[in-house]
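Since the structure of chain A is already known, use the hints to place chains B and C on it.
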Amino acid sequence: MSSTRQARRPAVAGAARGGFSRWLWPSFAAPATAYLLVFFLFPFYVVLGVTFGTIDPILQTPIPQWNPAQWDTGVLSFTLSNISHSDGIYFGAFFRTLAYVGLATLLCLLVGYPFAYFVARHAGRFKGVFLALFFAPFWVSYMLRLTAWIGLLQDDGWINRALHGIGLTGGPIGFLDGHVGTLLAGLVYGYVPYMILPLLAALDRVPHEHVEAARDLGASPARTFVRVTLPASRQAILAGVIICGLPMFGDYFTQQLVANVNGTRMLGNFIVDQLRIPIFLARGAALILVLLALLVVPIAYYLWSTARVSRERLS
Amino acid sequence: MSRLRTALSNPWARPRFLWAVGVGYVAWTMIPVLVAVLFSFNSTRSISNWAGASLRWWISDPNESLLNDPTIRQAIAQSLKLSALTTVIAVPLGVAFALGLDRWRSRGSGSVNFVMMFSFITPELILAVSMFLLFIKVFRVIGLGTTGQLLGLVTLALAYPVVIVRARLYSLGKEYEEAALDLGASPTQALRRVTLPLLFPAIFASAAIIFAFTLDDFVIVNQLAEDASNQTVSMFIYSAARQAPSPAANAVGTLMLVTSTVLIVAAYLVYRRSVRRTGGGIRGAAREALPV
Amino acid sequence: MLQHPMERRSYTRREFLRRAGLTGVAVPSLAAILAACGGGAQSTVGGTGGPTNTAAENPYGVGGVGGGTYPLARLDAPVTWNILDDNPPIASDLAPEKGAKLKIFNWNYYLAPSLMRRFEDIHGVEVELTTFVDMADGIAKVASGTAQFDLFFGAQVYTVGRLIAGGFLQPINHDYLPNLQANVWDQLQSPFYDVEARYTVPYAIWDTGIMWRNDEISADIAGMDNPYEIFWNGAPKDKTHLLNNSRDLFSLAMFRKGITDVNTGDPAVIKQAKDDIAEVVAATNPQFDHNDYNDIPRGRAWLHQSWSGNVGSAFFFLPAGDTLPNVSYYWPGATPGIPGNVDNDTIMILKVAKNPVLAHLFIDFVLDADNAQTNYTTYTGYQQPIKGITPESLVGSQVVPDHLATTIVREEDFSVGYRLLELAPDVEALWEGAYQEIQAGV
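Chains as they are written, first to last, in my numbering: chain A, 1 to 315; chain B, 316 to 607; chain C, 608 to 1049.
Okay, chain A solo, but in the shape it has when bound:
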């Protein structure tokens, strides 16, 4: 279907050619492009300017340095050395962040894959219902969803009552007293829909015939899954890991709301806390740079592979 469209494209482009028309389509893209330049790309330069800037001696606020030749790397090297040394102030938070995001993303996959598989293959005439319920969390406020858990997990909340009621626990479990487990559960709960979204789209498209053919040819169920279904969803797993994992790197409010102790603080917590103190603003900016440097590779890879897949599909 797309080949015919591709073939015809030059015709339209040709019709649009000419003095006025040559600039027509670029001018359509111009406002948003300008917007992105000013409010998306330029701010990154401001982050650089603040990180490598100086401090106003009177007001004690950072003065951005716009000339790269005069950049002062003091704050960045301070930040990096506090990440790389085991007694640095960011060391714990940095590796905790990697570990928590990694674990939570893995848990999202373990929860999300079976659900996506179920909805795509087995929900039958209830598929629409499940899809609608699946999409609901996307527009239910994240804060309300977390508040819901805060209520349920209190010492006198319904979960503790239920556990006590069926005799599993003697007294209340302090779920909200600052435990990694609660934080991970919160992250998984918050971000798992982003994992499922691409899985659902991919598993929905694995042709039934392929699965049937594999079974007819005598492949065991597990083998069919591993050889047919799983490879067909490999790209979707990658997409899910990225769009589910990336935003977690910037999360700080989940920790604040469900596990507010020093031992669970993530990079995001350090970033927002340092932004509140004028003299530490440059440190917050430096941490943003670190985060960006860390994530730019997966982001770029994701965008590259999206582009590749859609090119393949078109040709």
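Bear in mind the hints are in silico, worked out from the structure with no lab data behind them.
Glycine included, every Cβ here is placed at the ideal spot set by N, Cα and C.
Treat the hints with care, since some could be wrong.
Covered by chain B, per the in silico footprint, the following chain A stretches (three or more residues, Cβ under 8 angstroms) [claimed, not checked]: (1) 68 to 75; (2) 250 to 264.
The calculated label-pair distances, taken between Cβ atoms and stated as ranges, are [stated by the list, open to error]: (3) B:Ile346 with C:Leu925: 48 to 54 angstroms; (4) A:Ala293 with C:Asp744: 24 to 30 angstroms; (5) B:Asn364 with C:Ala890: 55 to 61 angstroms; (6) A:Leu294 with B:Trp365: 40 to 46 angstroms; (7) B:Ile374 with C:Glu999: 37 to 43 angstroms; (8) C:Leu925 with B:Ala368: 16 to 22 angstroms; (9) A:Asp56 with C:Asn694: 16 to 22 angstroms; (10) A:Arg205 with B:Asn364: 44 to 50 angstroms; (11) B:Trp365 with C:Thr997: 28 to 34 angstroms; (12) B:Ile374 with C:Gly706: 26 to 32 angstroms; (13) A:Val226 with B:Asn364: 18 to 24 angstroms; (14) B:Val580 with C:Gly995: 55 to 61 angstroms.
A few chain A positions that, by computed beta-carbon distances, are all more than 12 angstroms from chain C [as the list claims (entries may be wrong)]: (15) Ala99; (16) Ala123; (17) Leu131; (18) Pro137; (19) Ala222; (20) Ile237; (21) Phe280.
Same frame as chain A, now just chains B and C:
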């Protein structure tokens, strides 16, 4: 495990294991939300201990109910205002961008597209902090506050209409527009009379999605707020949850939930009706945004 | 905290520190923090020296001790802040601004909404409250210069000098404040940190003690030889909470060891306090907050370092008639031989105030004895240092049930309690650096 095996061996039966997964997942995601909604009707201040139903936090409490607390009313107004303005700005920008990029094929368009998608997937905290520094260090005229929050939300939302509209352009193909051109329409006439009407469902869907998503945004609006008049519903719920949880926060969250749901359902119905007439579907959007 | 070798070579930053030392500093310089992080005993670090010889020449004020670019107020070295030509108080007898929106910046739950509504009715204006989460947050916003508030409530005594020297406040015209002279305690009419109350007016008073659940903690904390010991010995794991600011947190460790100079610049003392707090952190996994008014009654915390007024705040969140029988409060300063913190905070008018006349009138309104009583008993739980208010008369009511009479701060407590005072920027950097290390767990 044996159930799982059964499920895998006969993927078209009704495997109980996978049904349990499906129902369990939906229960896990939705029941807490329903409980939060329920507790907005609690008669005491607790969000964990049910003490009987009442409308105290909705209308009857003289100071802290949805109806009587000026802070809550202000937060609702600010949320709605920001979402509406974001939609009004981001949708035309994004639709024009999608059209432009769809037809403007060059090296430049590739880079611009890359930047757009990069903004789509960058963690929100990075967007929020870099814009925060922009407004306090460079564009001090704008500063923090409603304008800053709005510009931040537009950055966040800009890519949604692009992705959705471009997917629709793919599925429509060029035939309609070419026919118009063959019949002597100018490119702008073809666009206005043929393409834009065909794109209506996609534009409408993007508007609804942007409105619903930005209504619940927290990181950007919180980072770019200046004073109490910039507080949104999500900020209100957050500060209540951090300091002293109150069913009033659940109530205002519930109100937003209902608003978004009505909006999304309406958008879905409109989208389905108009797409049925012209073919194509929202799946195209997912396909373009996701490498699957 | 680590210091990269690059830092040590960064002479430009040292240069800034020196210049900062000459020109006036609102908050500690980055260089000072970095230097402090590198390893305590640096020559630039020091601080609360003796009375300054050059006080008369200091452009910001007269008196106090040196160590900063502006004088640091001490009980025995009060500071009279200069009124500068380019920042005079407003004229007397001006008419209040019409149809205005009076913008107040304050802690949460720290000003009764009923008072704001009444003021709105009286003057036909709108009062808008914006809250900050802690002192650092509030100061940062005011010092950013972008926040256009009229009134700043709840600024602690240790922030007064930097806000005046930074040019963020406007002097107060006492003609608008008859209630200041008529009602406020004599000892706070002209306090040591702002002689003649030129830029500030006292707001609330409190002492810093211990709040706990007496149904979960069996120890008789009030009867202990050293009540602070409870945090090191018998504090419940996961249910212990500490205050989330460097000053109160490290003072706790210092008071416990009988150290009364909680404004010290001695790196060794600060380091020891940090190590002591780290012990509590390791043993109890504490949360750092000031949500005791909610967390203790709801059982989310069993032991909380607390400000006394927060006990009173708790009642606002409870049904009528609930007197919190399970909650206790004690101020260790009441135990003979044990030091404790007692303090007051302030109300200030910002220089950028758009409604300075209304701001003055609002201050006077809050200093009215009846209004102060309403504020205290119906909402904030914090007493104001107002002559007409006798909290003892409230003992037995829901505001101060018998078993919580320990929360009442008396005028004479100020003569035995120790206060948190302003620090020189490099000293503050030591305190903040240590606090960051606690947060980071190093």
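Do the hints match the structure? See the list:
Closer than 8 angstroms: that is the beta-carbon criterion, and the segment 68 to 75 of chain A has 0 residues meeting it against chain B, so the requirement of 3 is violated. Counting residues of the segment 250 to 264 of chain A whose C-beta lies closer than 8 angstroms to any C-beta of chain B gives 6; at least three are required, and the coverage claim holds. Range check, Ile346 of chain B to Leu925 of chain C: about 29 angstroms between beta-carbon atoms, so the 48 to 54 angstroms window is missed. Hint check: Ala293 of chain A to Asp744 of chain C, Cβ distance near 29 angstroms, so the stated range 24 to 30 angstroms holds.
For the pair Asn364 of chain B and Ala890 of chain C, the supplied restraint of 55 to 61 angstroms is violated, since their beta-carbon distance comes to about 30 angstroms. Restraint check, Leu294 of chain A to Trp365 of chain B: a C-beta distance of roughly 44 angstroms satisfies the suggested window 40 to 46 angstroms. At about 40 angstroms, the beta-carbon gap between Ile374 of chain B and Glu999 of chain C stays in the expected band of 37 to 43 angstroms. The supplied range of 16 to 22 angstroms is met by Leu925 of chain C and Ala368 of chain B, whose beta-carbon atoms lie about 20 angstroms from each other.
Remark: the range hint 16 to 22 angstroms for Asp56 of chain A to Asn694 of chain C is upheld by a beta-carbon distance near 20 angstroms. Checked against the hint of 44 to 50 angstroms, the C-beta distance between Arg205 of chain A and Asn364 of chain B comes to roughly 47 angstroms, which is consistent with it. In this structure the hint that Trp365 of chain B and Thr997 of chain C lie 28 to 34 angstroms apart at CB is violated, the actual value being about 41 angstroms. Ile374 of chain B and Gly706 of chain C have their C-beta atoms about 30 angstroms apart, which keeps the hinted 26 to 32 angstroms range intact.
Taken as a hint, the range 18 to 24 angstroms is violated for the pair Val226 of chain A and Asn364 of chain B, whose Cβ atoms sit roughly 49 angstroms apart. Taken as a hint, the range 55 to 61 angstroms holds for the pair Val580 of chain B and Gly995 of chain C, whose Cβ atoms sit roughly 59 angstroms apart. At roughly 15 angstroms, the least C-beta separation between Ala99 of chain A and chain C is larger than 12 angstroms, which holds for a residue marked as non-interface. The claim that Ala123 of chain A lies off the interface holds: its Cβ sits roughly 40 angstroms from the closest Cβ of chain C, which is beyond the 12 angstroms cut-off.
For Leu131 of chain A, the non-interface assignment is confirmed: its Cβ lies about 38 angstroms from the closest Cβ of chain C, beyond the 12 angstroms cut-off. The beta carbon of Pro137 of chain A is kept farther than 12 angstroms from every beta carbon of chain C, the shortest such distance being approximately 26 angstroms. Consistency note on Ala222 of chain A: stated as away from chain C, and its beta-carbon is indeed over 12 angstroms from all of that chain's, at 43 angstroms minimum. Once the 12 angstroms rule is applied to beta carbons, Ile237 of chain A is consistent with being away from chain C; the minimum gap is 34 angstroms.
For Phe280 of chain A, the non-interface assignment is contradicted: its Cβ lies about 8 angstroms from the closest Cβ of chain C, within the 12 angstroms cut-off.
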